[in-house]
Amino acid sequence: MYIGHVGAALAGKRARRNIALLVLLVATYTPDWVDSGLCVAGAFNPTEMLSHSIPAVLLFAIAGFVLYGALARDWKGALVVAAVIVSHLLLDWITGYKPTWPGGPMIGLDLYEHPMLDFLAEAVVIVIGAILYARTLPRPERLWRNLSIMAGSLLFMQLAIDVAHLLMKSLPKC
Amino acid sequence: MTFGRDGVRVLSFTESYMPDATLRLLSAARLLGALIVATLITLLIDRRLRR
Numbered sequence: 000m001y002i003g004h005v006g007a008a009l010a011g012k013r014a015r016r017n018i019a020l021l022v023l024l025v026a027t028y029t030p031d032w033v034d035s036g037l038c039v040a041g042a043f044n045p046t047e048m049l050s051h052s053i054p055a056v057l058l059f060a061i062a063g064f065v066l067y068g069a070l071a072r073d074w075k076g077a078l079v080v081a082a083v084i085v086s087h088l089l090l091d092w093i094t095g096y097k098p099t100w101p102g103g104p105m106i107g108l109d110l111y112e113h114p115m116l117d118f119l120a121e122a123v124v125i126v127i128g129a130i131l132y133a134r135t136l137p138r139p140e141r142l143w144r145n146l147s148i149m150a151g152s153l154l155f156m157q158l159a160i161d162v163a164h165l166l167m168k169s170l171p172k173c
Numbered sequence: 000m001t002f003g004r005d006g007v008r009v010l011s012f013t014e015s016y017m018p019d020a021t022l023r024l025l026s027a028a029r030l031l032g033a034l035i036v037a038t039l040i041t042l043l044i045d046r047r048l049r050r
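Here the protein sequences line up with chains A and B, keeping their order.
Numbering that gives the first Met the number 0 numbers the first residue of the first sequence as 0 and each following residue consecutively.
Numbering that gives the first Met the number 0 numbers the first residue of the second sequence as 0 and each following residue consecutively.
Same shape as in the complex, but just chain A (with noise of 0.2 angstroms):
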């Protein structure tokens, strides 16, 4: 999943409204941001057993847990940042191809490799979390326009990398 996972992100937002947007975004990605250290350093597996595998998601959450509750010092709000790194795997099961545990089976219904049932998944996201985000928002009298832009920019922006996917299949993750 590509922008959906910023769905995951606004509806922590909702569930936790101190925590920082950026926390947030950041938890939301934090395999894909291992993904892309990893390949940078030219270490990247394309199996992403380092990255996206329950054990490695799991560690990300306890990390994250701990490293928020620690400096935030609210626990409860750690506990929505570790739940947003773990959705990661979870969203990624439905459009992806992932690695259970080192010798397990690859899970996830691929469907990267259908651009337009992918758009529709992370859409379903996407649209969900936007509407959790904006009761966040100051001036409810303006939820459905705010609604729109946010749902509207996310919308728009997993479109363009679904045509994108569609015009360049086989390149490669890393």
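It is possible that part of the hints are untrue.
Below 20 angstroms or equal to it, Euclidean Cα-Cα: the simulated SDA-like pairs (lysine to any residue) are [said to hold, decoys possible]:
#1 LYS172/A <-> PRO114/A
#2 LYS172/A <-> ALA20/B
#3 LYS172/A <-> ALA28/B
#4 LYS172/A <-> ARG47/B
#5 LYS172/A <-> VAL36/B
#6 LYS172/A <-> ILE35/B
#7 LYS172/A <-> LEU31/B
#8 LYS172/A <-> LEU22/B
#9 LYS172/A <-> ARG49/B
#10 LYS75/A <-> LEU110/A
#11 LYS172/A <-> GLY32/B
#12 LYS75/A <-> THR135/A
#13 LYS172/A <-> THR21/B
#14 LYS172/A <-> GLY107/A
#15 LYS172/A <-> LEU25/B
#16 LYS172/A <-> PHE64/A
#17 LYS172/A <-> ALA40/A
#18 LYS172/A <-> MET105/A
#19 LYS172/A <-> VAL162/A
#20 LYS172/A <-> LYS75/A
#21 LYS172/A <-> ASP19/B
#22 LYS172/A <-> LEU110/A
#23 LYS172/A <-> ARG29/B
#24 LYS172/A <-> ALA42/A
#25 LYS172/A <-> GLY151/A
#26 LYS172/A <-> SER26/B
#27 LYS75/A <-> ALA62/A
#28 LYS172/A <-> ASP45/B
#29 LYS172/A <-> LEU21/A
#30 LYS172/A <-> LEU42/B
#31 LYS75/A <-> PHE64/A
#32 LYS75/A <-> LEU58/A
#33 LYS172/A <-> ILE44/B
#34 LYS75/A <-> TRP92/A
#35 LYS172/A <-> ILE61/A
#36 LYS172/A <-> ALA62/A
#37 LYS75/A <-> GLY36/A
#38 LYS172/A <-> ALA33/B
Quick caveat, the hints were computed from the structure, so don't treat them as lab data.
Assemble the complex: chain A is given as a structure, and chain B must be docked to it using the hints.
Leaving out everything else, chain B in the frame of chain A:
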């Protein structure tokens, strides 16, 4: 990823003509770029909506 009839992987134009290191850097830049752009745009919209 495309496979020919004999099961051998068919390389795209970019994969065929770019050195591995260039392709890896391009892919890393694409991945990092997408993450950073998505994060920044979301933060910008959030900031605007909270005014």
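Hint by hint, here is what the structure shows:
1. With a CA separation close to 15 angstroms, the supplied pair LYS172/A and PRO114/A stays within the 20 angstroms bound.
2. In summary, the hint linking LYS172/A to ALA20/B is supported, as the alpha carbons are separated by about 13 angstroms, within the 20 angstroms threshold.
3. For the hint pairing LYS172/A with ALA28/B, the CA-to-CA distance comes to about 10 angstroms; that is within 20 angstroms, so the pair holds.
4. Between the alpha carbons of LYS172/A and ARG47/B the distance comes to roughly 32 angstroms, so the proposed pair goes past 20 angstroms and is violated.
5. For the hint pairing LYS172/A with VAL36/B, the CA-to-CA distance comes to about 17 angstroms; that is within 20 angstroms, so the pair holds.
6. Taken as a hint, the LYS172/A and ILE35/B pair is honoured in the structure, with Cα atoms around 16 angstroms apart against an allowance of 20 angstroms.
7. A distance of roughly 11 angstroms separates the Cα atoms of LYS172/A and LEU31/B; the hinted pair therefore holds under the 20 angstroms criterion.
8. A hinted pair counts as satisfied when its Cα atoms are at most 20 angstroms apart, and LYS172/A with LEU22/B qualifies at roughly 10 angstroms.
9. Between LYS172/A and ARG49/B, the direct Cα distance comes to roughly 35 angstroms. Violation of the 20 angstroms bound is thereby established for this hinted pair.
10. Among the hinted pairs, LYS75/A with LEU110/A is inconsistent with the structure: their alpha-carbon atoms are about 34 angstroms apart, more than 20 angstroms.
11. Straight-line distance between C-alpha atoms of LYS172/A and GLY32/B comes to about 12 angstroms, which keeps the hinted pair within the 20 angstroms bound.
12. Only pairs whose Cα atoms come within 20 angstroms are accepted, and LYS75/A paired with THR135/A is accepted, the gap being roughly 18 angstroms.
13. Of the pairs offered as hints, the one joining LYS172/A and THR21/B holds, with about 13 angstroms between alpha carbons and a cut-off of 20 angstroms not exceeded.
14. Taken as a hint, the LYS172/A and GLY107/A pair is honoured in the structure, with Cα atoms around 17 angstroms apart against an allowance of 20 angstroms.
15. In summary, the hint linking LYS172/A to LEU25/B is supported, as the alpha carbons are separated by about 10 angstroms, within the 20 angstroms threshold.
16. At roughly 28 angstroms between alpha-carbon atoms, LYS172/A and PHE64/A are farther apart than 20 angstroms, so this suggested pair is violated.
17. Restraint check: the Cα-Cα separation between LYS172/A and ALA40/A comes to about 14 angstroms, which is no more than 20 angstroms; the hinted pair holds.
18. The straight-line distance between the Cα atoms of LYS172/A and MET105/A is roughly 17 angstroms, inside the 20 angstroms bound, and the hint therefore holds.
19. For the hint pairing LYS172/A with VAL162/A, the CA-to-CA distance comes to about 16 angstroms; that is within 20 angstroms, so the pair holds.
20. Restraint check for LYS172/A and LYS75/A: not satisfied, since their Cα atoms lie roughly 34 angstroms apart, outside the 20 angstroms limit.
21. Annotation: proposed proximity of LYS172/A to ASP19/B holds, straight-line Cα distance about 13 angstroms (limit 20 angstroms).
22. Taking the CA atoms of LYS172/A and LEU110/A, the gap is near 15 angstroms; set against the 20 angstroms cutoff, the hint holds.
23. Under the criterion of a C-alpha separation no larger than 20 angstroms, the hint pairing LYS172/A with ARG29/B is consistent with the structure, at around 8 angstroms.
24. About 13 angstroms separates the Cα atoms of LYS172/A and ALA42/A, which keeps this hinted pair within 20 angstroms; it holds.
25. Among the hinted pairs, LYS172/A with GLY151/A is inconsistent with the structure: their alpha-carbon atoms are about 26 angstroms apart, more than 20 angstroms.
26. A hinted pair counts as satisfied when its Cα atoms are at most 20 angstroms apart, and LYS172/A with SER26/B qualifies at roughly 6 angstroms.
27. The straight-line distance between the Cα atoms of LYS75/A and ALA62/A is roughly 15 angstroms, inside the 20 angstroms bound, and the hint therefore holds.
28. Pair hint LYS172/A plus ASP45/B does not hold up; C-alpha atoms about 29 angstroms apart against a cutoff of 20 angstroms.
29. Between LYS172/A and LEU21/A the CA atoms are separated by roughly 24 angstroms; this puts the pair beyond 20 angstroms, and the hint is violated.
30. With a C-alpha separation of about 25 angstroms, the suggested pairing of LYS172/A with LEU42/B is violated against the 20 angstroms cut-off.
31. A C-alpha spacing of about 9 angstroms is found between LYS75/A and PHE64/A, which places the hinted pair at or below 20 angstroms, so the restraint holds.
32. For the given pair, LYS75/A sits about 18 angstroms from LEU58/A by alpha-carbon distance, which is consistent with the 20 angstroms threshold.
33. The straight-line distance between the Cα atoms of LYS172/A and ILE44/B is roughly 28 angstroms, outside the 20 angstroms bound, and the hint therefore fails.
34. The hinted pair formed by LYS75/A and TRP92/A fails the criterion: a straight-line CA distance of about 26 angstroms is larger than 20 angstroms.
35. Simply put, LYS172/A and ILE61/A have alpha-carbon atoms about 26 angstroms apart, too far for the 20 angstroms limit, and the pair is violated.
36. For the hint linking LYS172/A to ALA62/A, the alpha-carbon distance of about 25 angstroms lies beyond 20 angstroms, and the restraint is violated.
37. Note on LYS75/A and GLY36/A: the hinted pairing is violated, with a Cα-Cα distance of about 29 angstroms set against a maximum of 20 angstroms.
38. The suggested pairing of LYS172/A with ALA33/B holds, with an alpha-carbon distance near 12 angstroms, which does not exceed 20 angstroms.
In summary, the structure is inconsistent with hints 4, 9, 10, 16, 20, 25, 28, 29, 30, 33, 34, 35, 36, 37 from the numbered list given earlier, while agreeing with the others.
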